[in-house]
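Participant: My request is simple: use the sequences and hints to build the entire structure.
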Amino acid sequence: MDQTFEIGDEEVDGIPVVSPAGEIDVATAPPLRDRLAALGASGKPSVVVNLLGVTFLDSTALGVLVGALKRCREAGGDLPLVIDEPRILRVFEITGLTGVFSIFGSVGAALESVRHP
Amino acid sequence: MSERKAGTISVELSIPVQADLVVLARLAAATLAGRAGFGIEDIEDLRLAVEELCLSLVTGREDGRLHLSYECEGDAIEVACWYEDDHMAASARRAAADDLSLKILDALVDEHGRRLRDGRAGAWLRKRRSDRAV
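Just so you know, the sequences run in chain order R and S. Numbering-wise (this note's numbering), the first sequence opens with residue 3 and increments by one. Numbering-wise (this note's numbering), the second sequence opens with residue 30 and increments by one.
Don't take each hint at face value.
Computed footprint of chain R on chain S, listed as stretches where at least three residues anywhere in the stretch have a Cβ under 8 angstroms from a Cβ of chain R [unchecked claim]:
#1 67-80
#2 95-109
Here are a few chain S residues that face chain R, going by a calculated C-beta distance under 10 angstroms [claimed, not checked]:
#3 Cys-83
#4 Leu-84
#5 Val-87
#6 Thr-88
#7 Asp-128
#8 Leu-129
#9 Lys-132
#10 Asp-135
Calculated from the model, a selection of chain R residues having no Cβ within reach of chain S, i.e. all distances over 10 angstroms [as the list claims (entries may be wrong)]:
#11 Glu-12
#12 Glu-25
#13 Asp-60
#14 Arg-75
#15 Asp-86
#16 Arg-89
#17 Thr-97
#18 Phe-106
#19 Gly-110
#20 Ser-115
Since the hints were made in silico from the structure, they are not lab data. Here the structure is a predicted model, which is why all the values come from computation and not from measurement. By construction, the Cβ of each residue, glycine as well, lies at the ideal position given by its N, Cα and C atoms.
Facilitator: This is the structure in structure tokens:
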């Protein structure tokens, strides 16, 4: 089954910004997990995950993000999320994860939180 | 396969347990919900709930088949799924959904639960159409 999913990558002032786009589910979460793990292994303590292009997200995706957040915090960093779609934000709310992640409405605000924690 | 009788639509689906095919389960749910007049928000809730229902049975598995039945009657849709497995105990153990899945199901559907059918682990959910905007 061809699902449109891609992961954009950039770095702003040395801070990685990972931008998955499409549906993150049991089929597409593994490449995101691998990408975030690779950034952690390369010594980047903080990563901004831009979810503005995400249209669907399940518990597998949440598990990937929670795992990456744990690695970042253990390294002294953070994994701020960028969300502006109410439907996506709702998944974090109903699972109680809005109290766990730092969530911002723009990439700029998320980057700022990393620069000035 | 589907049949229609007196306002009821029944659909059955059987898919191999492959990560990239679980999308078919939620696609069928969304299509039926749309036909039943569910609004966009309800359809999105149902898509995610059906995904979680499937994951609760097949996470960690890459073999066998997942069987789903969709029953659309009046203002409600009931979705049931069973994992094809000969070993009841193993299936029942796998049917223990993780915490995130349970929270999602609790929030998005009216009722959900677990059941065994012919020794196979199963799970079901029921969602009624709400008055939220289409």
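Participant: Now tell me if each hint is right for this structure.
Facilitator: Consistency of the hints with the structure:
1. Beta-carbon proximity to chain R at under 8 angstroms applies to 5 residues in the region 67-80 of chain S; the threshold of 3 is reached and the given coverage holds.
2. Counting residues of the region 95-109 of chain S whose beta carbon lies closer than 8 angstroms to any beta carbon of chain R gives 0, which falls below the threshold of three, so the coverage claim is violated.
3. Taking 10 angstroms as the C-beta contact cut-off toward chain R, the hint placing Cys-83 of chain S at the interface holds, the least distance being around 8 angstroms.
4. Annotation: Leu-84 of chain S was flagged as interfacial toward chain R, and the flag holds, the nearest CB pair being 6 angstroms apart, inside 10 angstroms.
5. Because the beta carbon of Val-87 of chain S sits about 8 angstroms from the nearest beta carbon in chain R, less than 10 angstroms, this interface hint is met.
6. Look at Thr-88 of chain S: its Cβ gets to within about 7 angstroms of chain R, closer than 10 angstroms, so that hint holds up.
7. At about 8 angstroms, the closest approach between the beta carbon of Asp-128 of chain S and any beta carbon in chain R falls short of 10 angstroms, and the interface hint on this residue holds.
8. For Leu-129 of chain S, the interface hint holds, since its Cβ comes within 10 angstroms of a Cβ in chain R; the closest pair sits about 4 angstroms apart.
9. Among the interface hints, the one on Lys-132 of chain S holds; its C-beta lies about 5 angstroms from the nearest C-beta in chain R, closer than the 10 angstroms criterion.
10. Nearest Cβ of chain R to the Cβ of Asp-135 of chain S: about 8 angstroms, under the 10 angstroms cut. The hint holds.
11. Non-interface status of Glu-12 of chain R relative to chain S is upheld: no Cβ of that chain comes within 10 angstroms, the nearest being about 27 angstroms off.
12. For Glu-25 of chain R, the shortest C-beta to C-beta distance to chain S comes to about 8 angstroms, within the 10 angstroms cut-off, and the non-interface label is violated.
13. Under the 10 angstroms C-beta cut-off, the non-interface status given to Asp-60 of chain R relative to chain S is violated; the minimum distance is some 5 angstroms.
14. Remark: the non-interface label on Arg-75 of chain R is consistent with the geometry, its nearest Cβ contact in chain S lying 19 angstroms away (cut-off 10 angstroms).
15. Chain S leaves Asp-86 of chain R outside its interface by the beta-carbon criterion, the shortest separation being 16 angstroms against a cut-off of 10 angstroms.
16. With a closest Cβ-Cβ approach of about 6 angstroms to chain S, Arg-89 of chain R is found to fall inside the 10 angstroms limit, against its non-interface label.
17. Non-interface status of Thr-97 of chain R relative to chain S is broken: a Cβ of that chain comes within 10 angstroms, the nearest being about 5 angstroms off.
18. Every CB of chain S lies more than 10 angstroms from the CB of Phe-106 of chain R, the least distance being 22 angstroms, so the non-interface label holds.
19. Under the 10 angstroms C-beta cut-off, the non-interface status given to Gly-110 of chain R relative to chain S holds; the minimum distance is some 28 angstroms.
20. Remark: the non-interface label on Ser-115 of chain R is consistent with the geometry, its nearest Cβ contact in chain S lying 24 angstroms away (cut-off 10 angstroms).
Hints 2, 12, 13, 16 and 17 from the list above are not met by this structure, while the remaining hints are.
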